[in-house]
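Participant: My request is simple: use the sequences and hints to build the entire structure.
Chains as they are written, first to last, in numbering that gives the first Met the number 0: chain A, 0 to 450; chain B, 0 to 450.
Treat identical chains as interchangeable: a pair holds within one or across any two.
Below are the DSSO-like pairs computed for lysine-lysine, each with C-alpha atoms no more than 27 Å apart in a straight line: (1) Lys276 / Lys312; (2) Lys276 / Lys341; (3) Lys312 / Lys339; (4) Lys312 / Lys61; (5) Lys312 / Lys332; (6) Lys312 / Lys270; (7) Lys276 / Lys346.
Quick caveat, the hints were computed from the structure, so don't treat them as lab data.
2 protein chains.
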Amino acid sequence: MKERERILVDIAKNEARYLRDLKALLHQPSVSAQRLGLEEMAGLLVRMMRKYGVKARSIPVKGGAPMVYGEIGNPNGGILLFYNHYDVQPPEPLELWKTPPFEPEIRGGKIYARGVADNKGNILIRLAALQVYQDLYGSLPFQVKFLVEGEEEIGSPHMIEFVESYKDLLRADACIWESGGVNFAGQPVLTMGCKGILYVELMARGARRDAHSAGATHIPNPAWRLVHALATLKNEQEQILIDGFYDDVLPPSAEDMRALKKIPPEENKIKKSLGLKEFLLNLKGLKLKKRALFEPTCNICGMISGYTGPGGKTVLPSSARVKLDFRLVPNQKPEDILKKLKAHFQKHGFGDVVMSTVEQGEYPARTPLGHPFVRLVQEVAEEVYQKEAVLEPMTGGTGPMHPFIHTLGLPVVSVGAGYPDCRAHAPNENLRLSDIRKGILFIVTLLRNFR
Amino acid sequence: MKERERILVDIAKNEARYLRDLKALLHQPSVSAQRLGLEEMAGLLVRMMRKYGVKARSIPVKGGAPMVYGEIGNPNGGILLFYNHYDVQPPEPLELWKTPPFEPEIRGGKIYARGVADNKGNILIRLAALQVYQDLYGSLPFQVKFLVEGEEEIGSPHMIEFVESYKDLLRADACIWESGGVNFAGQPVLTMGCKGILYVELMARGARRDAHSAGATHIPNPAWRLVHALATLKNEQEQILIDGFYDDVLPPSAEDMRALKKIPPEENKIKKSLGLKEFLLNLKGLKLKKRALFEPTCNICGMISGYTGPGGKTVLPSSARVKLDFRLVPNQKPEDILKKLKAHFQKHGFGDVVMSTVEQGEYPARTPLGHPFVRLVQEVAEEVYQKEAVLEPMTGGTGPMHPFIHTLGLPVVSVGAGYPDCRAHAPNENLRLSDIRKGILFIVTLLRNFR
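Facilitator: This is how it looks when you write it as structure tokens:
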């Protein structure tokens, strides 16, 4: 406890500086979906990292946003890699922000700005932790590397190739991922995996122009065509009917199931927030948690055909489109699922339905719960937060974890300074200043225990 | 042939006046869907009818466009009722018109304007025919009545109630319907029936706001819900699966089938126009004609859910909507089909899908081909056009024929001065001047033979 006090005092001493630097990062818009401010952000970040003693540089990516790489310390003592991203979600709808998204403001013990929770706050926290460590304990006996990308919010389209090309540069012993936080009960949440994704668009075509609906007896209707094609993909019991779809799905281990049981139930809070009486299939408890983290999905993101305005128009549409995303779990592969999806439509007589992939897919990936690095991070988290840590074997979402786990061979644990109302991706995104302090304490403590 | 010459000479003598009066009708916009110019049009039409010796008046309709009623001649000699409508389709898209839609212009032997084919041209033709008749043969030995409505293009929502209320006023022996024309081969086409319609909108609801698609494992997706609900309505063989849907469908009679056989095949022209290689179910020949005229439909007019813009957004929609129209054949009833549709969704466990009717439905109705009035119109048509008439027992479209046939007890035959390229409902709508002349000759000859 003595050491904790020392660290907290040092954090408090420099807090004004950390917040000033965080505000500087937040002040620079960096919206990957809009290609806005990415080069400027990368440049600013390199300068900021250098201020904290990190040997940083920007690495150009052909057709993409630059990667920011940095290193500090002695590689002979082991290497810890921090993965972060400097891009943010679009700030729209602007009218719902209480203060402008790129003009950070502190009020009521919270700092508000687009990207503060996801994930510029965690970047500054990790830099501040290095500062505290050096203030108190001198130079690092091991090395810390940073990789900060600028395209996470658009599916990290260049990460697989980049990691492949810079395998040596990125060599490490373990990786701390970008985000995380505490749950409603204040327990630190550690996440060890991400789902993968395949995103496709389907289009059916009929006549070359919309026709009068009197012709529905004999003119093909692409909306019906798509309805029938979709109905072959998934049944009402939510089973995905593509041959071989589940072949590579790994069931959760006994260890995974033990971890699931320990995740606090927050069902009612989620249902209330979504205005739902029941979850799909009336899922509850362990079954719900198991499905959310270990099952793949086939989801309709959107569909459109014909006349959708007010009132009635008697039209027979000339085309119909649907967007689908499949969230994949280990060891499913997006290119394999795409192949099986194509074969499915051929088999069911829907070879006329045109399919295109909207984004490059991503692979699912996870680090086993029993890995010593997971245990280390867990022990540090429980010491710092003084509560039992929640171990999430996977999240339902997607991130570029796969090349870090499989190309670089690293154990990956995701942690951060978020909390349930931090509003990542939404207006009035924020972090609590107390969580930022504790986040710095967490990383300093991790550094002290890393080797 | 002598008489034909006499009539044509009289038509020619007054043609300039008829065209001037037709232009006056066309110059007045009267778009029911936009509630534009309907009162003005009704007033203009009353004045025009009076000029032609018809005792005309406008009858207000609560919440609707006025009905224009007129009569001329001696009711003791029998009564012929003309049904027409003075409203027109919206003229949009305006940029595709060569000359403005409400500035009628004659070029290349055709008169162009919105509503000239559908159906102001036929109104003027019928008035002109009365003029010719009186010029050549004196006053009418029987009575002609006109009923001209202003809401045909929006589904005639007030017609059933109006006919019920004005049963005595509308008493007649037979009815000539609003529209028709010659086919590609120049044969006059007579139509003796209309399909009915039921138009509904279905909506499925999920969470109260769009959710992140990572939640697709446990958050209900209304787009999937609607896909599954729709898939129970119709199979890939185009069979409508609602219990009892076909119960009241009358199969075509032997006489109907003979008439169908005589309808010239125009399949290739239609396929070319629509850019289709094959019709639905590879329909051809008699089977195609039978299905087009005697089978009901269940058609998706439009559907929408979630994100439909460019690229990929990983969203789980909060609602999904679809618009359906059912074209009904004798003796199906829209309110009965609605009841069966509701029962269908209950039975299949889709009671949560919200259903609303978009427009008041319409009933199908037809006059038997063997009716003496049909034979009379056919003989007159063949004499005037000097080609075999095509008898269409029904059309695939919908109109308010039901109260005329069933409440007033009239035989109804639809004829007019159109041709395959008259572009009703489309930009550059037009009639050929030669078809207008022949149309007047047709009605004069019909009047001479009516009693």
